[in-house]
Each structure stands twice: as C-alpha cells, then as structure tokens.
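Just so you know, the protein sequences line up as chains A and B, in that order.
Following the numbering used here, the numbering of the first sequence begins with 267 at its first residue and continues without gaps.
Following the numbering used here, the numbering of the second sequence begins with 267 at its first residue and continues without gaps.
Don't read these hints as lab results, they were simulated from the structure.
Warning: the hint list may mix true and false statements.
The list cannot tell twin chains apart, which means a pair is met if one copy fits it or any two copies do.
[Claimed, not checked] Derived pair list, reagent style SDA-like, types lysine to any residue, alpha-carbon separation capped at 20 Å:
(1) K738 - R508
(2) K614 - E699
(3) K738 - L583
(4) K537 - Q734
(5) K614 - I739
(6) K537 - L444
What you are looking at is a predicted structure, and each value in this text was computed from that prediction instead of being measured.
2 protein chains.
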Amino acid sequence: MAYEIDATHDPALESWIESAQDPESDFPIQNLPIAACRLPVEDDDDDEDTWIEDLVVPIGDKLLNISEAVRSGVLGGGGKYEEDFDSYIAYGAPLNAIGDPDVTPGFRAELRRRISRLLAKDTKDLRDDKKLKKKLLLEREGADVIPAFQTQDFTDFYASIHHATNVGSMFRPDNPLLPNYRWIPVGYHGRASSVIRSGEPVRRPLGQTEPAEEGGAPGFGPSKRLDYELEMGFVIGRGNERGIPIAIADAEEHVFGLCLLNDWSARDIQKWEYQPLGPFLSKSFASTISPYVVTMEALAPFRAPAPERSGDDPRPLPHLDSGPNREGGAIDVTLEVYLSSKEMRQKKLEPVRLSRGNLKKMYWTVAQMVAHHSSGGCDLQPGDLLGSGTVSGPTRDSRGCLLELTWDGDPFASPPVAAPGTARTPIELPTGERRVFLEDGDEVILRGFCEREGRRRIGFGSCRAVVQAAPKI
Amino acid sequence: MAYEIDATHDPALESWIESAQDPESDFPIQNLPIAACRLPVEDDDDDEDTWIEDLVVPIGDKLLNISEAVRSGVLGGGGKYEEDFDSYIAYGAPLNAIGDPDVTPGFRAELRRRISRLLAKDTKDLRDDKKLKKKLLLEREGADVIPAFQTQDFTDFYASIHHATNVGSMFRPDNPLLPNYRWIPVGYHGRASSVIRSGEPVRRPLGQTEPAEEGGAPGFGPSKRLDYELEMGFVIGRGNERGIPIAIADAEEHVFGLCLLNDWSARDIQKWEYQPLGPFLSKSFASTISPYVVTMEALAPFRAPAPERSGDDPRPLPHLDSGPNREGGAIDVTLEVYLSSKEMRQKKLEPVRLSRGNLKKMYWTVAQMVAHHSSGGCDLQPGDLLGSGTVSGPTRDSRGCLLELTWDGDPFASPPVAAPGTARTPIELPTGERRVFLEDGDEVILRGFCEREGRRRIGFGSCRAVVQAAPKI
Numbered sequence: 267m268a269y270e271i272d273a274t275h276d277p278a279l280e281s282w283i284e285s286a287q288d289p290e291s292d293f294p295i296q297n298l299p300i301a302a303c304r305l306p307v308e309d310d311d312d313d314e315d316t317w318i319e320d321l322v323v324p325i326g327d328k329l330l331n332i333s334e335a336v337r338s339g340v341l342g343g344g345g346k347y348e349e350d351f352d353s354y355i356a357y358g359a360p361l362n363a364i365g366d367p368d369v370t371p372g373f374r375a376e377l378r379r380r381i382s383r384l385l386a387k388d389t390k391d392l393r394d395d396k397k398l399k400k401k402l403l404l405e406r407e408g409a410d411v412i413p414a415f416q417t418q419d420f421t422d423f424y425a426s427i428h429h430a431t432n433v434g435s436m437f438r439p440d441n442p443l444l445p446n447y448r449w450i451p452v453g454y455h456g457r458a459s460s461v462i463r464s465g466e467p468v469r470r471p472l473g474q475t476e477p478a479e480e481g482g483a484p485g486f487g488p489s490k491r492l493d494y495e496l497e498m499g500f501v502i503g504r505g506n507e508r509g510i511p512i513a514i515a516d517a518e519e520h521v522f523g524l525c526l527l528n529d530w531s532a533r534d535i536q537k538w539e540y541q542p543l544g545p546f547l548s549k550s551f552a553s554t555i556s557p558y559v560v561t562m563e564a565l566a567p568f569r570a571p572a573p574e575r576s577g578d579d580p581r582p583l584p585h586l587d588s589g590p591n592r593e594g595g596a597i598d599v600t601l602e603v604y605l606s607s608k609e610m611r612q613k614k615l616e617p618v619r620l621s622r623g624n625l626k627k628m629y630w631t632v633a634q635m636v637a638h639h640s641s642g643g644c645d646l647q648p649g650d651l652l653g654s655g656t657v658s659g660p661t662r663d664s665r666g667c668l669l670e671l672t673w674d675g676d677p678f679a680s681p682p683v684a685a686p687g688t689a690r691t692p693i694e695l696p697t698g699e700r701r702v703f704l705e706d707g708d709e710v711i712l713r714g715f716c717e718r719e720g721r722r723r724i725g726f727g728s729c730r731a732v733v734q735a736a737p738k739i
Numbered sequence: 267m268a269y270e271i272d273a274t275h276d277p278a279l280e281s282w283i284e285s286a287q288d289p290e291s292d293f294p295i296q297n298l299p300i301a302a303c304r305l306p307v308e309d310d311d312d313d314e315d316t317w318i319e320d321l322v323v324p325i326g327d328k329l330l331n332i333s334e335a336v337r338s339g340v341l342g343g344g345g346k347y348e349e350d351f352d353s354y355i356a357y358g359a360p361l362n363a364i365g366d367p368d369v370t371p372g373f374r375a376e377l378r379r380r381i382s383r384l385l386a387k388d389t390k391d392l393r394d395d396k397k398l399k400k401k402l403l404l405e406r407e408g409a410d411v412i413p414a415f416q417t418q419d420f421t422d423f424y425a426s427i428h429h430a431t432n433v434g435s436m437f438r439p440d441n442p443l444l445p446n447y448r449w450i451p452v453g454y455h456g457r458a459s460s461v462i463r464s465g466e467p468v469r470r471p472l473g474q475t476e477p478a479e480e481g482g483a484p485g486f487g488p489s490k491r492l493d494y495e496l497e498m499g500f501v502i503g504r505g506n507e508r509g510i511p512i513a514i515a516d517a518e519e520h521v522f523g524l525c526l527l528n529d530w531s532a533r534d535i536q537k538w539e540y541q542p543l544g545p546f547l548s549k550s551f552a553s554t555i556s557p558y559v560v561t562m563e564a565l566a567p568f569r570a571p572a573p574e575r576s577g578d579d580p581r582p583l584p585h586l587d588s589g590p591n592r593e594g595g596a597i598d599v600t601l602e603v604y605l606s607s608k609e610m611r612q613k614k615l616e617p618v619r620l621s622r623g624n625l626k627k628m629y630w631t632v633a634q635m636v637a638h639h640s641s642g643g644c645d646l647q648p649g650d651l652l653g654s655g656t657v658s659g660p661t662r663d664s665r666g667c668l669l670e671l672t673w674d675g676d677p678f679a680s681p682p683v684a685a686p687g688t689a690r691t692p693i694e695l696p697t698g699e700r701r702v703f704l705e706d707g708d709e710v711i712l713r714g715f716c717e718r719e720g721r722r723r724i725g726f727g728s729c730r731a732v733v734q735a736a737p738k739i
C-alpha cells in the first residue's frame, strides 16, 4: 500500500478554525498529526491529582480532542469503522492498540478523512455547536501535550552517510566509513525508558572518560562534551510476527508517522565506552521526542526519490531494494536546530539557528530501515521508536550535531582545513558567548516542516529541552 | 541493605510437600522463586480462550498459587503488609508493580517468610485443608509457567573477562581486550520485544554476512553460525529516578532476583554488522529466559567474594567499589549447558553437557553493573532485564558458547594450539553427529544451581528452546 494523495491534501481546503489558515502555522487542516493531552479529572474526591490522557489533533492554535469527539458522537459512529473508533480512539492514549491485527483495513485513512471533514469550513456539526466546541476544543498554548504512543523498544539508526563519514573521521581517522555502511542500514538498540517528552529538562550525565595518558585511570565526572543529535523518529503502528521478516514493499504500512527526535549524546563518555559493543550510557540518559506524530498519510505529498546511488555505492541487496522505494522512498522534511542560552533568554533574544538539513538526503529510507530491522526475525511492535540517526547533509550548515558543527576537520575540503579531530571552532552566540558543546542552561530546539510548490506547508511543532547541571558527586 | 541469612534458609527446614525433600529437586522450601502461571478461566461464555496469570512459587514437583493464596486468606491478611499482599500478589502477573516506591519496606522478605511458613511441615493452615489444597496447589509438570515480570528494557553486559578475551581474539586478533574493559562493566542495550519464555522455539535468523572477498557483495540467507550464550539474567525490582545514579551500596536493593538467560547469537551476522555501533540483528531475533526468578533473599547463603584483582587489574573507580562488594558481591551459581539433537531425542538419548561454569568468576558483580548502568542518570525500571554476558571461565570446559567451545585458539595455551580463528574443533554427540554451531532441531538447555557445604541446594529450573529452520526467502 502506498500512501496516496487525496482530497484531505487539497491545498485549497480551509478550516472553520481561523488560525489554521495562518500560512506560518505548522497545523493547517492538511496536517492533522496525533498526540495525547493530559486533562485533569475534576469530579474526583481523592486528594491526589488524577487525569485522563485523551487523543488530540492540533489545528491552528487549537487542539481537537478526538477521543471526546468519538464519545460525543461527532466522530466515528455507524458503519464498518464504528468498532475501531470505539476501541482505538474513544479510550484515549496510549494509541499502541491501533496496531492490533484486527483493526479494519483502511481505518487510519478513514480517521484522517473524518477529522478533516469535521474541521472543514463547511461542516456545521461542531462549528455551530457552541457547547460541544467548548468540550472538544482546547487552547494549544499551555496544554499538557504528550506523545500518543507508549514507547516500546527504541532503535537508533545511522542513516546519514555524511554524519557517518564525519564522525568516523574523528573516532577512527584511518577508517572513517566502514565497509558494511553501504550494505546495511547500521543501527543499534537504544534505551526506551529514557525516551522523554519535549519540555522535560535533561540532566547532564556523569560518566567515565578516556584516561589522559595511555594506561592511566579514566576520569569520572560530568560530561564535558554534551551534544544534541538532530533526528527524525519513526513510530511503528503495526508490528510483525516474531521470526517473519517484513518485505520492503510492505514496510511503510508498519509505520504510523514521524516525529522530531533529539538523541542527546555525551561525546567524551561515548568515546571511552563504545568499543566493542556500541554506545551505551553516552546515550541512555535521555532522548527527547516531540509529541505530535505526523502521519504517513499526511506526508503523501512530500515524498521524494531515494538519493541516487553512484560511484562507490552498490545497488542494495534485493530485500532492501524496490522500484517504489527508489522512486519515492525518501521524505522531504526540512529539519532545523536552534539554540538559546540562559543569558539569551534573560535578554529576550530569539534562539539562533545552528543548522538546517533535510531528511530526504539520508542514505537509507524508512522502508529500508524497517525491512532490515525485521529481516532477521526481530518482532517490531506498535509504539516502537526508530530513529533515523543524525540528519547531516554534505555542507557545513547542514551538520546535525555540535560534534560535526564545531569541528574544523572537513572531509570534503581539499586540502583539509585541519587535521581531523585536532581543532574545534566555537559557535558565536548573539550575547558574545561561545559554544563548542552544550552548557548548563542551554535550550536546544528542533523544528521540522514540509514545503512543496502547490502544497500547503505542514510542520512538526518543536522538540525542546533545557540542559540541567549534573548531579553532585 | 544486605540480604541476610535467616530461618527460611535453615537446611533442616522441611515442607509437608514430600517432593520438596528430594535432594535433587531445584525447589526445596529454602528456594521459593517466583514465576507466573497461565490458568484458563472456565466460566467464560466467550468463544475465545481466556486466562488469568497468577503468581506461583514452585515447591518440589508442585506449584503454590500465591495470588490465590492471598485471595483465599491463607497468605497476607492483617498487619502492616496487608495492602502490599493485596496490591502486588493478589492481582497476579505482571509483578512489575512491586517496584512501586510506596511498597512497605521489608515486604519482599516478609513475603518469603510467610510462604516459607505456609509450606513448612508443621503448618496446618493449608496442609490439612483438602479443598484449599486443590485450589492452591498445581502440578508443575505440564503447567503453563511464564516469567512473572513483563520485560521492560533489556541490557546485556559482557562481564566475563575470559569470554571477552576469547571473543576479542577472534574478532580483533591484534587487540583482544580493549583498554576500557578493566574500568567499565561494558554493556549494550538489547531488544526487549524478543525476550521470550523458555520452551518457545527459536527460528534461525536470516541476515547479511561478510563478503567472501574484499569489496564484494555480502551474502544474505540463514545464519550458518547460530550459537547460544550461557548467561544469568538479573531482574530489576525497583527503579531509580531518571538523572539520579544508584550508589553501589544500594545497588542490590534494586535487584529482585536471578534467572537463566540464553542470549542466542548469529556469529556470522554479528561479525559483519557489529562495527561501529555494536551487535544488533545478530542478537535481536530471540533471547530466552527461564520463568523462575530466584530471589536475592534466597541467594543470601551463596554469596562469594568478588574475584580478586591483581596483576593488570586496577582497583575500580570509587563509584564501582565498596568493601561489601569486594567481600560478598559475587554469587556462587554453577551454570551448565546441555545439547540434545533431534536424532538424540528420537533415540531417547539424554542431552549431553557441553560446559559448566560459575557466575562467581565474572569480572564484574551485579552491584557494579547496576551502579554503572545508572551512573549517567539512566532510569532503571522494575522488570528491566540485565544480562551478565556469557559466563565463561578460564578452562576449556567452562566456555559458555560454541564460538569459544569449538574454537582451537586458546589464548592461555603456550604455544597456541592454533592461530586464532583459523580452526574449529567440532563437538561429537553420542549419535556420531558433530556440531561446530547449532543445527535445526537442536535443543539447548541451560541449568543453574547453588550448592554449599551445610546448605540445602537450590536450583533455577531450566531454560530451553529448540532451533527451528529459517523462513524461506
């Protein structure tokens, strides 16, 4: 099943919610991503705070409570999808059960169509019902929005060949890009418990770092090389039976949608620990995701050919290759990183943009990652999070982490601007502060959006967190 | 808190369940591990099979249903622990909620004391109540026993220096033991979804393997080097707040108990994929655990000093070092691997033992692994599974996987018996069959037990699975 462009993508479509027409809004009626929202339960006698987690769809500066919309009878109801609306939407988050094998085929597309219809300019059901609107519409600003899926397993890939080459040059100067890179979407298992929501502060980790001299004792203390990684997260909507690989032709059916992902990394801890079994504590202290999952249906107008393979690039093995993947396996998402220091916020200065890249330039597509992940029989589950790996492009301003961005080495410069790993160039902030890696109080903000001629721009909202000081030792 | 030896460990203690006195039984009254058991719900009108998952404790050849025991009033009831019995035991599996911060301190020890008392020879409450016995006691043989905890995250360590050196010699002949090994309990994130119960078959994975010649295309097909890994699993019973490390002095309080773990590994897939981010699909097709978790309380009489550090071994950094850990951080568990081929089972031949090792010889202790894991702020959660890594000792017959066992290279032999990685010596089975790696139809069985002079032997049951053919490509 390919995700098709239909009437819900029509750029002329407008909503009766005015703010959705703002051309700058991430959330026009053509988008309709899904999140959850914590809502206090008011009629509770208990002393403890209690809440429910309803499913919501952002529209302009509002949130539509779609769980309550089903319960109130304006969404779902009747027809072959009635049970699906009752089972998967009315009960609220987590949305993981939408991966059940008995969900009616086509339900996700139908959900999108009905939400689109309910919010369309000419639909009166909700528009003209003041009482119901009060119940179903919330202000987005200040709402307690969280991801709709409970993260099961977290896998992080390494799909940008530019990132892999840059980082490889620093960690293994003689051998930057390993021979398996062009054959395997290289990835590793990450930590699910520390996948956290946008807005939660991130505490600088303590950890062991390389001894100052060979044979000496390693250091232990707060990381001095704390970094972000600009990534896209792919949320699995449907799993596979353990032992049975997913064919590349079916791979995208298993993906529910995309969110922003900041895979925080402590580079000094990583350098000392990562051999031979890969990154561990340098990553597992936190990974931040944005709450809004933009569905694969919404992304249909923004597909792009997978990057062309040429020169050293072999044709992928058959289980990772298909015509549709070559022609439209990539997704055209512009991704940006912004930084705001504590001093900048105190002086009311706007965050500065550090880089801008694009997901479509990744060496491996989401279908290839899903097909590879399941090729050995590993069972994916609804709610699994797959990270793309750092989204870095070929140019300096498209490098998706500070490790690459403040590094003088540039494998594409000839002669090289510096011997790899020998020098670092700080970033200047508008306050005169300088950054090589992150400082306590820094806020990192990821943004993403899709733009295309003749299409309404859609966005991912933001993924943000402030760095807190390490715990005292 | 240290786990103390008390009256429940008294070797003279006997149960009114006769089979528990069998000196060969893994489950005397001194053991009392915890598992869950699927029980059909009979009064259900629905066509579908439904069941409940009650908590059980194996005793001799029986299972005591402790959830039903609480519901029936012979366990729990009254006193300061009443709510704990109701909240954590009466509802059945999963047992993860026992990690709640509001569990009454001492509840786990009290649970053990009360079960011990209920089963002790002189306690009449259950012994003399035929009707209740019928309800609470099940035959262990044929029961659908499963782990009591839902696996959250799975982390696999690499704590045997013998295993690390052997495998390092094969994968990196020039550089077998990396400089971080003696400083860091090296580990990596594993896959939680494919942690499966003993008895479930394991399907041979498909995967990419190294090109036959440099620059050539990799192969893709069923793994030709399928292996087991003899490990111990540590089940986390209580988590930590994200960002806040667990001190080594407190580390064992966070561990509920131990089970057997077979971390199946496809060596040919591993060799090609593992650089630079570690093992991925070569491990994530399946990891089998035994259902019975032997509690830290039960293991109190079987503690041992951590292996002495000498020669090249540095003193661990302070956050990984403590007097109590040096004096009693290790656990004396004998671990064995048995193999039974399809032909052997057809000819009714007993499984053959391939190796025998001991957990106490691991370079890193469970307290060190827990302290390290949380040192960067990663939040452990109840139900997390920590694997020890392959338990291999210094001798050939204590090597915990076929990769080491059938390999001629022996870093301790002088002169070496073969150039590392160049030759493999098959194992002869009683049928005349030979094994270098696992064949379809092979059953691998792990066993473990604790024995000590003046103490009643306790065991872990078994962890077993049969290898199935790979799916057709």
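So, going through the hints one by one against the coordinates:
Taking the closest pair of Cα atoms, K738 and R508 come within 20 Å of each other only across two copies (14 Å); inside a single copy the shortest separation is 44 Å, beyond that limit. In this homomeric assembly, K614 and E699 come within 20 Å of each other (Cα to Cα) only inside a single copy, at 15 Å, whereas the closest approach across copies is 76 Å. Taking the closest pair of Cα atoms, K738 and L583 come within 20 Å of each other only across two copies (16 Å); inside a single copy the shortest separation is 50 Å, beyond that limit. In the homo-oligomer, the alpha carbons of K537 and Q734 never lie at most 20 Å apart, since the shortest distance is 22 Å inside one protomer and 39 Å across protomers.
In this homomeric assembly, K614 and I739 never come within 20 Å of each other (Cα to Cα): the closest approach is 33 Å inside a single copy and 60 Å across copies. In this assembly of identical chains, the alpha carbons of K537 and L444 lie at most 20 Å apart whether taken from the same copy (17 Å) or from different copies (13 Å).
The structure fails hints 4 and 5 (numbered hints given earlier, in ascending order).
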